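Asker: Mind docking chain B on chain A? Use the hints.
Chain order of the listed sequences is A and B. When we follow our numbering, the leftmost residue of the first sequence carries the number 1, and every step to the right adds one. When we follow our numbering, the leftmost residue of the second sequence carries the number 1, and every step to the right adds one.
Quick caveat, the hints were computed from the structure, so don't treat them as lab data. Source: prediction; values computed, not measured. Cβ coordinates follow ideal geometry from the N, Cα and C atoms, glycine included. A few of these clues could be false.
What the hints assert, rightly or not - Estimated spans, in silico, between C-beta atoms of each pair:
1) SER137/B <-> ALA55/A: 55 to 63 Å
2) GLY134/A <-> GLU162/B: 31 to 39 Å
3) ASN40/A <-> GLU117/B: 51 to 59 Å
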Amino acid sequence: MSAERIDAYAAALLEIAQAEGKLAAVEDELFRAARAVETNESLRSTLGDGTIPAARRAQVVEQLLAGKASDLSVQLLSLIVGAGRTRELPQIVDALVKRSSGARQLEVAEVRSAVALTDAQQAKLADALARATGKKLNVKVVVDPTVIGGLVATIGDEVIDDTIRTRLDNVKSRL
Amino acid sequence: MKLFSVVLAAEDPTQSHHWLFPEIGEIIYGGLASLAVLYALYKFGWPAAKKALISRTATIQKELDASSAARTHAEADAVKIRTALGDVAAERARLLAEADTQAEALLREGRARIAAEVADMEARAEAEIGAARARGSDELRAEISRRAARATADAVRAALDERTQQELIDGFIAKVGAGK
Numbered sequence: 001m002s003a004e005r006i007d008a009y010a011a012a013l014l015e016i017a018q019a020e021g022k023l024a025a026v027e028d029e030l031f032r033a034a035r036a037v038e039t040n041e042s043l044r045s046t047l048g049d050g051t052i053p054a055a056r057r058a059q060v061v062e063q064l065l066a067g068k069a070s071d072l073s074v075q076l077l078s079l080i081v082g083a084g085r086t087r088e089l090p091q092i093v094d095a096l097v098k099r100s101s102g103a104r105q106l107e108v109a110e111v112r113s114a115v116a117l118t119d120a121q122q123a124k125l126a127d128a129l130a131r132a133t134g135k136k137l138n139v140k141v142v143v144d145p146t147v148i149g150g151l152v153a154t155i156g157d158e159v160i161d162d163t164i165r166t167r168l169d170n171v172k173s174r175l
Numbered sequence: 001m002k003l004f005s006v007v008l009a010a011e012d013p014t015q016s017h018h019w020l021f022p023e024i025g026e027i028i029y030g031g032l033a034s035l036a037v038l039y040a041l042y043k044f045g046w047p048a049a050k051k052a053l054i055s056r057t058a059t060i061q062k063e064l065d066a067s068s069a070a071r072t073h074a075e076a077d078a079v080k081i082r083t084a085l086g087d088v089a090a091e092r093a094r095l096l097a098e099a100d101t102q103a104e105a106l107l108r109e110g111r112a113r114i115a116a117e118v119a120d121m122e123a124r125a126e127a128e129i130g131a132a133r134a135r136g137s138d139e140l141r142a143e144i145s146r147r148a149a150r151a152t153a154d155a156v157r158a159a160l161d162e163r164t165q166q167e168l169i170d171g172f173i174a175k176v177g178a179g180k
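Just chain A, same shape as in the assembly (with noise of 0.2 Å):
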């Protein structure tokens, strides 16, 4: 998919949700989402299946996310897996929350934690980064378990690491 079309369908759902007001939070489910579908190869393979019917699919989306998500995100995810492009999505929602980071003059943080953070946490953590980078910063938090523990910050090319993953990964290397 050319970058021009991943930015165009970015554009859309940055108007859609800007024109329904609830950019912060469908920016931060569609952005799990995307992470959800980016590291899980069997709902990609089953989302992006385009022999099953779009309607089908987006079905699976609607379950997937009830009660977990809003249904504007909800339709918009669907829009875009029905639209066939569920191995895009990540490159189409990292698109949104760049377009959406650069209009507020945010850099967007990426933050990978085994469980999820609390509100408290989260503030800190934006708080935090922000000191630390003297950056002003749009915290998106991913749940992934194969950190086993701690967290990973990523701004840019700049990685903040300290998670169990890698403390293993380091005693790994020396064994």
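Answerer: Here is chain B on its own, set in the frame of chain A:
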């Protein structure tokens, strides 16, 4: 028989003055005739005979010379043939010696090459055995480390309760906030 009787009758001694000598006139005429014949022979026959003799002598001499030349030529040819035979023998000997030398050199070279190839193959085989041993050892080590890491990860994951997870998160926030 009749002719014989006539001859005998002609030779009858009783018809001559002497039974042995002829008549004087006969001697004279006979002698003159003989001289005339001899002269004629000398005058006309001798030059031709002499010429024939000279010619014959020249022919014989020529044949002798030709024979001599042929002999000389034959002897020269014989010498050449003998020389050529000698050369052929020498050439044969030289070729045989050269062939022997070349065969020896080829044999020596072949032995050296085979020895080098065998040595190379042995070295390669040893290197491959060493590499396979190292590879096997590395693979075993890697597998052990993979399994150990997986087991460690599982053990750590099982040991991480909610409280510890929160502590890790808070610890990260505190460290980042402190600028570490």
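Asker: Which numbered hints turn out to be false for this structure?
Answerer: When the structure is compared with the hints, none of them turns out to be violated.
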